[in-house]
Amino acid sequence: MVGDETQSPDLQPLLLLRKPIAFLLSSLSTHFHLLKPWESPLPLPAFLSTHATTVQALLITGLAPVTAAILDSLPSLGCIVTTSVGVDHIDLLECARRGVAVANAGSVFSDDAADYAVGLLIDVLRRISAADGYLRQGLWTLAGDYPLGSKLSGKRIGIIGLGSIGSRVAKRLQAFSCTISYNSLTMKPSVPYKFYPNVCDLASNSDALIVCCALTSKTHHIINKDVLSALGKQGIIINIGRGALVDEEDLIKCLMNADIKGAGLDVFKNEPLVPKELLSMNNVVLSSHSAVNTEENILDLYQLIIANFEAFFAGRPLISPVSA
Amino acid sequence: METLGVLLTVPMDPYLEEELDRRYNLFRLWEAPLESRRDFLFTRAGSIRALVGNTNVGADAETIDALPRLEIVSTFSVGLDKINLDKCRERGIRVTNTPDVLTDDVADLAIGLAIAVLRRIPQVDRYVRDGSWKTKGDYKLTTKLSGKTVGIIGLGRIGMAIAKRAEAFGCPIIYHSRSEKPDTNYKYYSNVLDLAANCEVLIVACSLTPETRHIVNRKIMDALGPKGVLINIGRGLHVDESELVKALVQGRLGGAGIDVFEHEPHVPQELFGLDNVVLVPHVGSDTMETCKAMADLVLQNLEAHFSCKLLLTPVL
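Protein chains in written order, with the numbering used here: chain L, 26 to 349; chain S, 14 to 329.
Extracted from the complex, chain L is given alone in its bound form:
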């Protein structure tokens, strides 16, 4: 039996594809009858066709992909909630076609993501991680002071994607007297920042670019060698969106040729694989897709998940819906 025998059968079934963190697993089992394919000897497709044909609700954790094939095995599916903000791992068109409503993490992560983007930017400019490593290796006494960093305050920041996260990044950096400009799908008339419809123009007029947008077919490799070249030798790039927003090969070449000054990267093309060229650079800060991984977020996220499914089962609109 692949549900929990101790759970009440009156609880609505909820399918997960991957094992979530312990907190979510134990909390969710008080609200739902959980279907846990990872506990089954059956491969996933067989599990779904055996146990999940009447399931209406699916929780996606760990960015598990939702493909047309998976949707085919879930004919009764009505609602998907993903624990992420990004939805590039879900075939939204197929969901729309089948009338499956999709919800994401809304803005519960936005503050943390914005904090992290600013933290990475300060770290790259001021070399915090590199200097911390230098000090811990005993080099302050052996080799003297660490080389100078660059000032953040007053710099020109270009934000790509001025949504929930991008707007919070802007608000924070304004307090550092930074000038904010942005590129977005559409101009936002209510914001006081300068809009650049062309990313290269944004880059030419920025000292640092912060990538906060969603990954879609339009934004794939939105940062490429032309943008990096426009950003210039003193430029910094911070990516807390998705690896595929940046042409990773172009970025590595630019860093190796000192065509840009540095980078802070939370996301990569093939996580958890990080190109070895980056591993030895001291003008980059690397992170394990951690921009939103705080304890506080997990609690907020959990409440949002419950609220979304409750709304679904009560026939009400989802709390944090996403459309194709």
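Don't take every hint at face value.
Said to hold, decoys possible - Partial list, derived from the structure: chain L residues whose beta carbon lies under 10 Å from chain S:
id, residue
1, Val80
2, Gly144
3, Gly179
4, Leu311
Bear in mind the hints are in silico, worked out from the structure with no lab data behind them.
In this text, all values refer to a predicted model and were calculated from it rather than measured experimentally.
By construction, the Cβ of each residue, glycine as well, lies at the ideal position given by its N, Cα and C atoms.
Given chain L's structure and the hints, the job is docking chain S onto it.
Just chain S now, with coordinates in the frame of chain L:
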């Protein structure tokens, strides 16, 4: 001008040193081994009229006494703790520092350290570089900065700049200062213990004086507590360093971001193995932009003095 001697105490900035060398007869104190410093000064005392020091080596009583023609001390810092101000006052020696130009950098670093400690940025960077992300999965959950109460010791230029930045993260600001500041809305605490008990991130931003030595002691660290984070961008002596090490190792203090130490460049080795600390080698104002601005201020002050014009940033 060839006989206008300027003493530079330590190498502090290549541009500053070049310019001083170009404009004056420059003596480099560090070129004399410690045992022969006295002689070094004695033989040059006849021409040394200015001293340029920093947070490492300034102008103590012995040095000032050895330089009877000293007219001005121009420090490459805003802090004055390495200058014997009483001696300078007694002798009528002018003193200048470098306020304002470094305020932003120090405030930026304070916030950068707070995010780095709470979100473990250097630790995650090392985790990725040593291959752990591939073998052990994502780095563990960390703690949010946004919305945490930030307590600031010292609400001068730097303290106010830190407050302004922290507010943009939704952080309520509370502070302690020698006296309450009438033109802020931040909540004032008349003692540091209550401040520490009521905040989650405590930032030291005051100047070092005999009164503020070890202003963060064991009691303060215990009040800040096992979830609290201490950020020191002031002076090493603001914090009782041996108590800090104990509190961190024993888990009585949640974490620390430290730019300054009691005996720089020596850092207690016990801190090196901890993943809840971020340690940087006194880099508060160490950016190319700010160092140039600080150097220019030192040079302009010296020029003003020697042309009998008003000093730009006098302390005495």
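Consistency of the hints with the structure:
| no. | hint | result |
| --- | --- | --- |
| 1 | Val80 | violated, 27 Å |
| 2 | Gly144 | holds, 3 Å |
| 3 | Gly179 | holds, 7 Å |
| 4 | Leu311 | holds, 4 Å |
Going through the hint list in order, the structure does not satisfy hint 1, though it satisfies all others.
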